[in-house]
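Top line first, the protein sequences correspond to chains A and B. Using our numbering, the first residue of the first sequence is number 1, and each one after it goes up by one. Using our numbering, the first residue of the second sequence is number 1, and each one after it goes up by one.
FYI, nobody ran anything at the bench for these hints, they're computed from the structure. The C-beta atom is built at its ideal place from N, Cα and C for all residues, glycine as well. Among these hints, one or two may not hold up.
Derived DEER-like restraints, expressed as beta-carbon distance ranges [unchecked claim]: (1) B:Leu57 with A:Arg161: 45 to 55 Å; (2) A:Arg87 with B:Ala48: 40 to 50 Å; (3) A:Gly60 with B:Ala23: 33 to 43 Å; (4) B:His68 with A:Arg87: 26 to 36 Å; (5) A:Gly11 with B:Leu57: 43 to 53 Å; (6) B:Phe58 with A:Asp114: 19 to 29 Å; (7) A:Gly153 with B:Gly61: 36 to 46 Å; (8) B:Ile45 with A:Val14: 27 to 37 Å; (9) B:Asp3 with A:Ser157: 12 to 22 Å.
So you can see what is in the structure, the chains are spelled out below.
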Amino acid sequence: MAIEPEADLLGRFVQGDREAFETLFRQFEAEVFRWIFWIVRDEGTAEDAVVDAFWRAYRGRARFDPSRSFGAWMRRIATNSARDHLRKARRAEAWAHDPDALPGPAAPDPGLRDAIAGAFRTLPPKLHVVAMLALVEGRPHAEIAEALGVPVGTVKSRVFRATRALRAELDRAGIRP
Amino acid sequence: MTDDDVLRALLQSALPAERRAPARDLWPGVVRRLDAPIRWSPVDISLAAIVAVALLLFPEGVWLMAFHL
Numbered sequence: 001m002a003i004e005p006e007a008d009l010l011g012r013f014v015q016g017d018r019e020a021f022e023t024l025f026r027q028f029e030a031e032v033f034r035w036i037f038w039i040v041r042d043e044g045t046a047e048d049a050v051v052d053a054f055w056r057a058y059r060g061r062a063r064f065d066p067s068r069s070f071g072a073w074m075r076r077i078a079t080n081s082a083r084d085h086l087r088k089a090r091r092a093e094a095w096a097h098d099p100d101a102l103p104g105p106a107a108p109d110p111g112l113r114d115a116i117a118g119a120f121r122t123l124p125p126k127l128h129v130v131a132m133l134a135l136v137e138g139r140p141h142a143e144i145a146e147a148l149g150v151p152v153g154t155v156k157s158r159v160f161r162a163t164r165a166l167r168a169e170l171d172r173a174g175i176r177p
Numbered sequence: 001m002t003d004d005d006v007l008r009a010l011l012q013s014a015l016p017a018e019r020r021a022p023a024r025d026l027w028p029g030v031v032r033r034l035d036a037p038i039r040w041s042p043v044d045i046s047l048a049a050i051v052a053v054a055l056l057l058f059p060e061g062v063w064l065m066a067f068h069l
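Chain A with its partners taken away, still in its complex shape (with noise of 0.2 Å):
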């Protein structure tokens, strides 16, 4: 995670300064987009959802208390940046059929691949953060909890809902791990 930033640096963001704006960009912009992706599994989804997530913290600067971790404040809207995204990717259909949709070197099996992205589609979006943070990426629950804004035990009851719904889509599609 990022340094925190300096209390000067925070006041003058909050303020509506650009520069301070730009410096805290550079020094957060790898950190939320890795944590976007993590979510999303799709680069261009996941640039998108950052220049988003940015936009909404200047817009929303004067909610955000400097005495706070910037860090933790900017992974919340981050998580609701890639939330709404993940949505429109949804309704636009734009993974549902496209191979390349989850980037990274290929998995062993192809097809295990895509079933497991075809049981990811089945999750509301809501059940599909919790998942991919917590099962494929190992993201403490508490880290979770803080990003979405809600208890621990809604953490853990997601994943439970979202870990009993995938094994039962890959059930469906033949993989019973």
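Chain A is fixed; fit chain B onto it per the hints.
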């Protein structure tokens, strides 16, 4: 290894961990977005039109609206 661990391992093997950075500089996109004029969505315009018509037809409703603002 529990069933959940097996599922987790399966998902992780199919969706390998990534440490990616954006392929291009995204700052110009943020600036463009910030400088773009705010566009009203059709829903916003429709709502504003409905409120305007309602106030023309029922001017006493302005107090009700003021109460909710």
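### Query
Out of the numbered hints, which ones does the structure contradict?
Going through the list in order, the structure violates hints 2, 3 and 6 and respects the others.
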